[in-house]
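Peer 1: Sequences listed follow chains A, B and C, in order. Counting with my numbering, you get residues 11 to 226 for the letters of the first sequence. Counting with my numbering, you get residues 351 to 443 for the letters of the second sequence. Counting with my numbering, you get residues 2 to 550 for the letters of the third sequence.
Please keep in mind that the hints were generated in silico from the structure rather than gathered at the bench. Built from N, CA and C at the ideal position, the CB exists for glycine as well. Any given hint could turn out to be false.
Said to hold, decoys possible - Quick list of the computed label-pair ranges, beta carbon to beta carbon:
| no. | chain 1 | residue 1 | chain 2 | residue 2 | range |
| --- | --- | --- | --- | --- | --- |
| 1 | B | Thr354 | C | Pro227 | 46 to 56 Å |
| 2 | A | Gly161 | C | Thr275 | 45 to 55 Å |
| 3 | A | Ile67 | B | Arg432 | 16 to 26 Å |
| 4 | C | Ala474 | A | Gly184 | 54 to 64 Å |
| 5 | C | Thr275 | B | Thr391 | 27 to 37 Å |
| 6 | A | Leu63 | B | Thr354 | 51 to 61 Å |
| 7 | C | Tyr9 | A | His21 | 19 to 29 Å |
| 8 | A | His134 | C | Ser13 | 47 to 57 Å |
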Amino acid sequence: MSSNASVTLNHQFEDLQQQYEAANMGMWAFIAQEIMFFGGLFAGYTVYRFKYLGAFIEGSNYLPLELGALNTAVLIASSFTMAMAVRAAQQGAKNPLLRWILATMVLGTTFLVIKAFEYADKYHHGLLPGFSFDGSGQLKIFFSFYFAMTGMHALHMIIGLGLMVWLIPKIRRGTYTSEYFSPIENFGLYWHFVDIVWIFLFPLLYLIGRDPWLTM
Amino acid sequence: MYVTIVGSLFFLTIVTVLAAFVELGVLNTPLALGIALLKATLVVLFFMHVRYNTPLMWVFAAAGFFMVLIFLALLMQDYMSRDWERPPAEFLL
Amino acid sequence: MSYLSASYGIKSWLLTLDHKRVGILYLVMTTVFFMVGGLFATLIRLELLTPQGDVFESDTYNKLFTMHGVAMIFFFLIPSVPAVLGNFLLPLQIGARDVAFPKLNLLSWYCFMVGGTLATVAIVMGGVDTGWTFYTPYSSTYSSYYVALALSGVFINGFSSILTGVNFLTTIHKMRAPGMTWFRLPLFIWAQYATSVIMILGTPVVAITLLLVALENLLGIGIFDPALGGDPILFQHMFWFYSHPAVYIMIVPGFGVISEVIACFSRKRIFGYTFVAFSSLAIALLGFLVWGHHMFTTGQSLYAGMVFSFISFLVGVPTAVKIFNWTATLYRGSISLETPMYYALGFIGLFLLGGLTGLFLSTIAVDIHLHDTYFVVAHFHFVMVGGMVMAYLSGIHFWWPKMTGRMYHEGWSKASALLIFFGFNLTFFPQFILGYLGMPRRYHVYPEEFQILNVMSTAGASILAAGYLILFAYLFLSLFTGRKASPNPWRAVGLEWEIASPPGPHNFDVIPIVTKEAYAYEEGDVTRVGSGTAAEGDPIPEEAERAEV
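Just chain A, same shape as in the assembly (with noise of 0.2 Å):
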């Protein structure tokens, strides 16, 4: 077992290999309820869209193609970053993690900026359930499951970045290292998690059965 003044070995575990496992693991078994929270979300969507195709076209007609291929973009370089920032712990590089890490900072605000224009959007055209809605009970089902799920998603990316603030000072204080690194390695797991939650909610809201040449 390798000794490190700086990494802690909790009292439960037998040594640090056990304990990385462990925490690897559950992060794993926390994802997998992750997929089923937001499978709920989906197979809600399914039901409507196989009651209300037309109603669903039309909402999908709303929303702004370009923006979400671009939010797809960013969240994917975000992906990449965050990859990179596990990577430069598993090195045990202290600097290019902190930047790697500020940079999936950036483009995750930058996700939700662009998230925030959309959604000012759909309130000042009367597309917001709850709020200011304008249009038919099947098509308020739509845009409650857009608002449901992209929100539940910003949610998640809100929690993340809060996260990752929670994490600088660690990092710069050198808490992580080559032989310590799981929370990053863990929290890149949550993180990728939540770029595919968008990878699929980009072609189910913005680009199944609409006009591609029409934002209404």
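Take the given structure of chain A and dock chains B and C to it, following the hints.
Peer 2: Only chains B and C this time, still in chain A's reference frame:
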């Protein structure tokens, strides 16, 4: 190597957006979802390191996904059969 | 020094990272919620003594059964065995010093507390009257905003389940002692594993469902409102996708307890260990595929109903395997009737009845007649109270010496068990007949001719309540006046019995090396289980030479 992966992801995003402009009828949806699945798989295998993990962790990674599929299947079989007067395999009755 | 005396003061308990203390925290609070739920049950049975609605208004009555259901299901049954016994025993039985994530463990208790408080306050103050099932569109469109508050409480409580599941799964995979292979694990652990899988995969779906209902309740967004094109049946699908597996969260840990108790008090290895182990996993998996049997009459397609009915019959098979195997374990075993065994034997009979009546309900044609009648109420009380609560009490009595270091008074415990068994049957068996005769559930009035059976049921409920009150009394008193327990008062086999009662804060000073099978009871061991007194100065096992276990 991450550069290759992210490059493929960008490429697939462009493909899926362009595919939305091509009128393929009933194939559009499966195509878009298939590309999304491919992108997700790349992220899971390479960014999330599942490719290099143990088979046990593959089970963990896949479990949620399969459970969602099961949920969708059993859920949709209700909605899709609501209008049936008789089930398709009429000879069974 | 035991985990109880290791540190003092309220902070040492409220900020504990010791899984054993977390188990005790859950024990105390789940008992409180059980009493709350029991209080509301008393009020319900009081109203049902007479055919007229003369004690409560119908609206109030609706709030009573809502609170009864919410408290009992979400804040007692779901946490009980996993969070109380599981938290306490899991690391001990696998030879670990704690669970994988002790801080998450404590957090799960706080989620439970916050959720429970929120839900209780919402229901008691504002009067949530939707039933614990929160069916839409009533809960989403036509009822008060307190529903949204109650739903937030249940939502937060869901995190308690999820975190427990993540913790247990990781602990079982990663922290077994050397030599503790999968097939040397106690069946209690297999049961906890299966339960953790259900907790992780099922709970999030009800979480998102309840969140959507709360949003609709507050904002009127239309997902479940028929006037806007919403489908109330979708809510039922999403709700029962979790809530059916939830009943397996409630019962499977109980199955684990029964395996432990039957093995010990028959002095025999569980018959067909491998089958029983895998049956827990089979129940967990199949349990996710049957939820539509709650919806045969509500608007689901007939053909979907047939699919769900068929799979529901299948899920009875692994459960039956367990019952057969426990019975086969009893056969030619050296049976001694201590209190845990009373409860375990009672469990087998009552759960069997409850489970069989579940098959009646899975038959669509029969269910059309019985749905939403007292037959359903009787069915689930047989499996949950006659089954789960008795399994839980069996476990509490079995491991009480280990958890508290005290023995309880055997005479009172046996008397209370018999009272509970008798009271339970008198309360709920008449309800099968009432349901068959057509008395609907959730009504505070009923036709005259049903009164005699209702009176029997209420009489039974009072006897049941008396049994429970006696139980609380002698268990509580045992903490102060009970005989001190030895490490292994039941002469049971298992790692938890190799250490002191109660255990030290770190469980094992030296992690044991396991070489024996799970229920290595000696052939022909007919020694009566002892009284278990420990004298001062007896060597504590962990201080003795730690050789192979």
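Peer 1: Could you run down the list of hints and mark each one as holding or not?
Peer 2: Against the structure, the hints come out as follows:
In this structure, B:Thr354 and C:Pro227 meet the distance hint of 46 to 56 Å, their C-beta atoms being roughly 51 Å apart. The hinted range of 45 to 55 Å is satisfied by A:Gly161 and C:Thr275, whose Cβ atoms lie roughly 47 Å apart. The given range of 16 to 26 Å is respected by A:Ile67 and B:Arg432, whose C-beta atoms sit roughly 21 Å from each other. For C:Ala474 and A:Gly184, the hinted distance range of 54 to 64 Å is satisfied, since their beta carbons lie about 58 Å from each other.
Checked against the hint of 27 to 37 Å, the pair C:Thr275 and B:Thr391 passes, with Cβ atoms roughly 35 Å apart. Taking 51 to 61 Å as the suggested C-beta distance range, the pair A:Leu63 and B:Thr354 does not conform, at roughly 38 Å. Look at C:Tyr9 against A:His21: about 21 Å separates their beta carbons, and that is inside 19 to 29 Å. In this structure the supplied range 47 to 57 Å holds for A:His134 paired with C:Ser13, their Cβ-Cβ distance being about 55 Å.
Hint compliance for this structure: hint 6 is the single one not met.
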